Each structure stands twice: as C-alpha cells, then as structure tokens.
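A.B. asks: Dock chain B against the given chain A, drawing on the hints supplied.
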Amino acid sequence: MNQFEDQLRDALRRVPPPAGFVERTLARAAQEQRAPRRAIRFPRYVAALAASLALVFGGLRYQEYRQGQQAKEQLMTALRITGSQLHQVQQKVAPAGPER
Amino acid sequence: MMKFALIIAMALAVPAAVAAQLNLNLDHLAKNAKESVEITLDSTLLQLAGRFLSSGKADEAKAKELITGLKSIYVRSFEFDRADAFTTGDLEPIRAQLQGPGWNRILRHTAGSRKGRDQDELAEIYVRMEGGKSTGIAIIAAEPRELTIVHILGDIDPEKLASLSGHFGIPKLPKVAK
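Protein sequences appear in the order of chains A and B. Mapping of the first sequence onto our numbering: residues 1 to 100, in sequence order. Mapping of the second sequence onto our numbering: residues 1001 to 1178, in sequence order.
Among the hints, a few may not be true.
Claimed, not checked - Listed next, the in silico DSBU-like pairs over lysine-lysine satisfying Cα-Cα at most 30 angstroms (straight line):
1. B:1160 x A:92
2. B:1064 x B:1133
3. A:72 x B:1064
Calculated directly from the structure, the hints in this document are not laboratory data. Since the model is a prediction, treat every value here as computed from it, not as a measurement.
For reference, chain A alone in the conformation it holds in the complex (with noise of 0.2 angstroms):
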C-alpha cells in the first residue's frame, strides 16, 4: 500500500515549467492575435462596377417593360378599332337576321 502512495505522489509531484515558458507562450498568444484575418475582400471598384451593371440591367429591363406594356396597349386599342370598323361595315353592307 505503500508503494502504491508512493507512485502516486511521485506522479502528482509539482513540477516548475522550464525557464521562460511563461514569456514563450504569452509572446505566442500575442503575435497570433496581431495575425491579419484571411477575409476575401474585393477591390472597391469591381463593387462599384457591379452596382452600375445592376442599375443598367435593371434599367434597361424596366425601359423595355415600359417599351412592351405601351406596344401592347396600342395593339389592344388597333384591334379594338379594327374589329369595330369590320363590325360597321358588315352592319352596312349586310342586313342582320336575328342571331341563331
């Protein structure tokens, strides 16, 4: 039994650091906090470049919904009116029976 306390006090026996340990890891803890993060950064005018194309393609597809909203709205109105003017000359030139 002992023996056994014996062991056992040897292996929890206070044991001092090696000189400068203390200043080595303190140093090490310091020069890894001054480390630059690794961050990927994009040079200010490629961000610039891509706000401007975004507001161009944005632009142009607004101009051309704009383009397309009107095309569509005169062709409504075009046969609108062709379709009335045929209705008014049918109307003219045919007399109408009852519809069946």
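C.D. replies: Relative to chain A, chain B alone:
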C-alpha cells in the same frame, strides 16, 4: 459607276413587304382633328407586345393568336368637330396606292350625298394577295365627322379578323339572314 450599280442592286432587293407598305401621311388631317389615334406597330413592336399578352385573358389571348404572322399594323383614326373637315380628295393618295399590283378591292360601300361631298359614308376594304395567300388588308372607313384607316401587313387569315367581333368590346356579329 460601282456606287450606281450598288444602288440599283439595293433598290431591286427591296422586299415585297416594303413595297406593299402604304404611305399613310395624313398629318394635315390630324391637325384639324378633335381626337386622333395614330398607331404604328412594326414587327419588332408586335413581337414585343406579344410577349406581354396574357394567355389567361380572353381578349389578350385572341390578340396573341391574331398577330401570329403579322408584320405590321397601322391605324389612323380621326374625329372632327365639323362635317366638312375632310373630303374624299384627302384619301386619294392612299386609294391611288391601293390601285397598285397585288391589291384588290373586295368591298365598297357608299351612302348619302351632300353638296361638296361625294358621299357621307364611305367604306372600302382592300386585300393584298400573293401566291394565293392574303398578305395585307386595308380598310378605309369615312363618316361625316370620322375617318379611320387600318393597314395590316403579314399573313392574315380573314376568318381570324372576322372573329374580332365578340372580343375587345365589339358586339358579336349577328348571322346574316339568307
């Protein structure tokens, strides 16, 4: 000399569609009109309009079907305050173009007659035929205070045009009594 030959070659290469296109210059009437509608839709604009037509709406679906194969649509419509704002003479330049090759008048209707006017009402429909197919239509409709000219180029199915009635707020044509 080369330039001249090039100009001649380009002139000969003018497509039939361009030759069929009417010059609808009625600016002098537009100035006197109370209301005027001027619509010019070329193939690019027709295609663009087609992309914005919804198949879910009856009128728009009909329009989408109708414009398939069309090259251009021109509409000039004027409403005047006075009954003497225009005469048939104003229409002569257009009617003269419709005497050109390919165009056939399929309908002419006139009614009424007053001093200084040939008639109070005039309706003419012309169709352009190429290779047994109708490739253009022109409608001239004049009333004392109204004038409308419609000019459509492209593959036109007259049946489809007739089916405009019942759509776009146009009443459905009653069946003709036999």
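A.B. asks: None of the hints should be skipped; say for each whether it holds.
C.D. replies: Outcome of the hint check:
{"no.": "1", "hint": "B:1160 x A:92", "verdict": "20 angstroms, holds"}
{"no.": "2", "hint": "B:1064 x B:1133", "verdict": "21 angstroms, holds"}
{"no.": "3", "hint": "A:72 x B:1064", "verdict": "10 angstroms, holds"}
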